[in-house]
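Q: Put the two chains together into one complex, using the hints given.
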Amino acid sequence: MMITVSINGASKRWSIRTGETLLSVLRREGYLSVKCGCGTGDCGACTVLYNGRAVNSCLLLAAKADGAEVRTVEGLAAGDRLHPIQEAFIDEGAVQCGYCTPGAVLSAFDLLSRNPSPTEGEIREALSGNLCRCTGYVKQVRAVQAAAERMRSDGDA
Amino acid sequence: MPEDRDYAVVGKNERKVDGVGLVTGRPKFVADLVLPETLHVKILGSPLAHARIVDIDVSEAEAMEGVVCVLTHTNTPPTRHTTAGQGYPEPSPYDARMFDPKLRFVGDRVAAVAAETESIANEALKRIRVEYDELPTVLSIDEAIRDGAPVVHDEKDSTGIYDAAKNTVADVDIDVGDVAVGFEASDVVVETTCETQYAQHTPIEPHVVLAYLDSDERLVLRTSTQVPFHVRRIVAQTLGLPLRRIRVIKPRIGGGFGTKQEVLLEDIAGLVTLRTGRPALMALTRAEEFIAARTRHPMRVRVKLGAKSDGTLHAIEMEALSNTGAYGAHGLTVLANTGSKTLPLYNKAPNAHFFGQAVYTNLPVPGAYRGYGATQGYFPLETAMDELAERLSVDPIELRLKNHIRVGETSPIFEKLGEGREGVSQTVKSCELARCIELGAERIGWAEKRGKRRPDGPWVHGVGMSIMMQGSGIPEIDMAAATIKMNEDGSFNLLIGATDIGTGSDTILAQMAAEVLGVPLDRMIVTSSDTDITPFDVGAYASSTTYVSGTAVVDAAKKVRAQILEVAGPLLDADPGELSLENAAVVAPDGSHVGLDRVCQRAMYEAGQFQIGATASFVPSESPPPFLANFVELAVDTETGRVKLLHYVSAVDCGVAIHPKLAEGQMEGSIANGIGYALTEEMLISSRGRVRNPSFFDYKIPGALDLPPIDVILVDSFEPTGPMGAKSVGEIGINGPIPTIANAIYDAVGVRLRETPFTPERVLAAIRAA
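Protein chains in written order, with our numbering: chain A, 649 to 805; chain B, 6 to 775.
Hints are computed from structural coordinates only; laboratory data are not their basis.
Be aware that a few hints might be false.
In the BS3-like style, the derived pairs of lysine-lysine whose C-alpha atoms are separated by at most 30 Å in a straight line are [to be verified]:
#	chain 1	residue 1	chain 2	residue 2
1	B	Lys649	B	Lys705
2	B	Lys454	B	Lys649
3	A	Lys712	B	Lys33
4	A	Lys660	B	Lys33
5	B	Lys353	B	Lys434
6	B	Lys564	B	Lys434
Here the structure is a predicted model, which is why all the values come from computation and not from measurement.
Chain B on its own, in the form it takes in the complex (with noise of 0.2 Å):
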């Protein structure tokens, strides 16, 4: 390893920042805040899945006594924007308004009331005569495209729709060589087809915001979600406010996992607020965050694989087809990231095509949820990769290994395919995928397991594995800030914009800070976004914190680090340049040292008087990948179809884990996620579009019984452009279940699963169709 890692506060499990409140139950969250005159906001949702509203009436609800408020399309701004939560200009079509007149998909916004309790708002809503004239609906990728189809967004004012007339939101097409040329130059050539779900992030905490007017009369949000600075921007621009009367708070949230990466309750709550001047509570129930909230994209994804006798990849073509509901949020990105965060996995192959569309239909609105896109794409991926090694009769780890990107490598899809325009280019600079694929065969006994199909009464026993990378933030694009102060006491004040969203990062980049600054942790006080007193962040998305954010306060850290050595200078009787921090305070080569309160004391009453401090900034110019080898040991009953998962492993390569347990953690939580979406996670949709189970008894997310034995092997690694050698760790590993499970089933019985999740309905009539 190249770099010095003798770290005293960065590689160790130190307490989180935050553990002690969490677990005391001090009220951290948005609805733990009571004001007195709250007004509690429900909304009218749609019944039907298209619809125009020929006529809204209102009265008898606004006559009710407690309602003080009600917003229908008729009183609010019309003004088109995106609900999707990412940077200026966004990528995804300004194709919805606060309230429209037009309704796209069953729980789509029709009206909202303000009322003096929850219970008054909800007999309001059911006063409410909407007369609605009934359109034909588009349910499927297939209905969606199909000519004559029904036009989901035929409105004029929506802007940045590929072609509205088709119901395409995005359209992707990017080559790389020829890959007609290179199928025909192939010896072996493979196609799969795999089709995914509706599935949900169901964060515990659903959606939730408290707006208020503070002593000034500006507009504070204090909200669940994961971008604070893009909800200020967006907030302002829906309702035509200026940004500066805005303020948004995120205090503590109840996980994220994208579904709070979009604006969702603000807008309402906000008018409310500025209408009424109280504050206002909104609350999605768990059922409407299941009807109405946001859910992954389900896409159809078709990837054909030509290698040379060899087991060298020759050509690699992806098709995906992207449902993304009734509105464009992330439609163009998600679509991108299916090819930009898969591909590049396999660089040798001289010949790459990657095409596909995003459409809108009347169903639930997907969204950014952990993984974006990268899920959907390498359970097809990888799914061929298996079938490739077997026709090419290799171990599916020998075909990896021969193939996979390597350090000193690059992929041109790096540079052609990036975040809903042209990527960056970019050369891989740290890569321990090949250690993490040896230590996980050799955790799960790949060697002894596999192929074995092992009977055990009606259950046959497989093991499976996959590969994959990610990314750390989107290069050239995201942006942090970071500002430290320090006060007379030897601590800092560290102000991020960075938005800890249970993950933990006000803890890690509190680390980080302290390694440069030579404190114990303690010394460090979090302040972490609220758009008044913390700088610029684009907030907790596309696995950025720990490598942008990182980078941002590493660097912020240095110069007030430079300042404090300039200012012991004279105390110590020393050149600035030979000194170092160390145990809170300054040392000199000879020993004598000064407590950095005596510095802070000197700056600030003493001599050349001034606040020791420093802001920094950063927008990474590449977004190095962590790399993961996940293995699985199952088994399935031949007669029911159940499949039981025996014992779970991932090895991944994060460069250095600023807090270990945290890095696991982030890995077992979303390894958990994507073993629900393999196995039982399935929004159930009528044939009117309407979400059939929308509760978590009817929805099934794994429970702590649910679940095998996960090992995370966090595998040595230093990226050299991260902060402190590190990468990232938040979305990885939810790629992994679904490829590793299926390949895993086939090694069992045979046959291969391509459409999620693999509920024991499904394995049953694949091995009886076998």
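Just chain A, with the same shape it has in the complex (with noise of 0.2 Å):
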């Protein structure tokens, strides 16, 4: 079947074929920042915005993505303008192997959209269904804490 889906701000047709998630469809169409790390919707490496929330693509039907408005992280910077976010996820030391990074940075994003001052708790809570077995965390969480008090100061959320 072929389904349009708004993706990281342009309209796009694409064939599907049955029973096809969205996390294969967007790595055949060249979205390769959605990584694969389980394929059963417990790591995170495949999250992307599927109508402005952070999911699981892996455990979305792409039939279930037509209308739909999707964005990954290659629609996140502004031409070499890094978004806020990305810049405190290299700053902070967020970033060491980079495999859960786009699915963190974007979980983060959905998290700052909703609540530009949030709490450590509720940091933690936005990350926890992205697992990372290189940072224990720690400078994700800073780097979030930063990026939310850049765009605070920015008022560039």
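A: Below, the structure is given as structure tokens:
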């Protein structure tokens, strides 16, 4: 079947197979920031923003995304200018191997778009679906705090 | 501190050189390279823990539309090799073949199918008919060493097994002094035995390889590995190819932690590509990763300590029994490390004995895992130290301070016990462990909290501590090389075999080169881990990269620096010996200067033309240990057995931290991994050898909500033999949580946990039994 998806602000028509997941379609269409770490919705490496909310794209049937707005980290930076969350992830040392990073950045984006001044507990809650084996989350949490602060002072959220 | 440490780039939190690409999701990983006509490869795993293949019929699978290639033991090379990515000759037995007619664990390779799509490949696997002759199994260490036990490796063509008929992969036995006499002469003796579980690395990116032929018909393996040069050598050996026909490229990879120090997929994907001429993508699913990739060696380790009444250790004995599963990859060396990375810490004991065996079972295959045996050894050692302190009625901190190794001291263990052979003698030249203990104790509030058993409803609070050391590479074995060449805009290519698996080694090695060359980090263009382009390096393991590869980088940069000064001399009308390099320029004593771009242009186009550049190699003659003091405050629920960590503090002496935030990140990540290992992570295995919880849903690694505040303190230190004063920091942190938490549980509720993980069931059972 064909679906129409607004992806990172551009409207695309994609042919999909029955039962195919959004993860599988996104990777085939070249959105390779979206990673597979388990395929069972447990690790969050495949996180995308689906109508503004962070979801596991490995659990979402692509057919469901017909007419939806989808965002990946490919669509986060404004040209060469990184999003403050991306800047903060680099500056705080929150990126190690980087495999879980796109998913964690999008979960943070979802959180900060709803809650510009989250507590540490709220940040940890928001990141709890994105497993990371490298960082122990310490610097990821700090990165989200730093990004929140910058976005508040920039009025950039 | 002895050295000039006024660094411009080193010691600074520079931006990670691959950071922007990673946060923007650029296609940097193995599976992100999309090639036309790529085949998908899937493996049929053994359903049985121990069996022989009587007959295998692949005709129906081969006949399926979309199936291109089927591999079994009947049509693949039988060469015995090890999957362990270690230096040559590997200290692991050659006991594996590509496909073996005998299967030794649930998940062992029966066949592989390459097809147009993954779903066709999976469907084809179901149509392979196999007749098995099921064999009696060996499913524990005790079963393996029992007289008359089934023999896991009864084949004639395997080599390097210590005693195959007794399922013994390796046997280690070393003595210092005489422990029998030592215990006799001790005033207090304690003994403890601890057991550790099957646990897995779980990098978020499972193993994956993309094989293809380049335009000259050479086999390219783009693979998620920690050891690209060992992959090239072992695949050449396994497939019977000349090494020169293979190129291994490691792009960005999604974590390793030891499991990617192993050649698990590259031989199959490579052979599919050679047979079909088409690219072949092979990726493990998470379930396959749990079932058939590598794990940590489960061990039973007994420690006996004897001390004089003043608290001086007089005798240490450690006996380790290691389960190395169906294959012996890393069996000997992990076992040896259990002693060699722990016992030198307490060098005051004149009598020491380490002995043990690694045994085969029909269970999942352990391999290298961050900590590499030391993790298993520190559990009983630091538990026994806690018990000894109690018997002597001294503070556990005092007992450690009295006995731990210091600067200028050595331990005979360094020389007696090495990486699968004798070790290398060394004296410790940097050790800030006493300071680590002091700072950590202060941060956790040791003096106020220890021994208080403060209740809070059903919860009781406690604090615990432990200390440890690791190494920095494998002395007189590891080798790393680096090449630096200069470009006419004053930038440099840094070519390194060193393998950045997410650690940030590309960044810290570039920082070291930039420091020597007097340029900002953005003048370094890093290319790493491509066997066609970069010089040799053993790869990312044994906490070697900063120390071993780092020294090679510094040496190469010094050679290049000397060439630059030679060329610049005439430009500044000065003697090269009086010139210095700073801010991307060569500076004369009178303040006149010339830019590096100008220097390189002269060398390339004007006078005495040559390429400014150099290669340097380094083989370490010692392995300076990093040191660590761990502290935890926790609460135990006496009604449910639940353990809640409240604060974890780690103070580490890793020498100079080249990049402090990345060094902290190594500690934080390894501590988190260690906390999972201590509290929740356990591979559950059925009575028929099957992994029962092969998913992140059922095998619980810590998420962001599951961890306490973790404080890492980088203690000021300088290693005189290290590059810019650095030692290592990659592994040591993972050893801390188990003994530290166990000792804190004792402080809280007075029970000793001797079996990991410390689940509520185990803690409650221990409380009730007390």
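Q: It remains to establish, for every hint, whether it holds in the given structure.
A: Hint-by-hint comparison with the structure:
1. B:Lys649 x B:Lys705: Holds, at roughly 15 Å.
2. B:Lys454 x B:Lys649: 16 Å, holds
3. A:Lys712 x B:Lys33: 29 Å, holds
4. A:Lys660 x B:Lys33: Within the cut-off at roughly 24 Å; holds.
5. B:Lys353 x B:Lys434: 17 Å, holds
6. B:Lys564 x B:Lys434: Holds, at about 26 Å.
Checked against the numbered hints above, the structure violates none of them.
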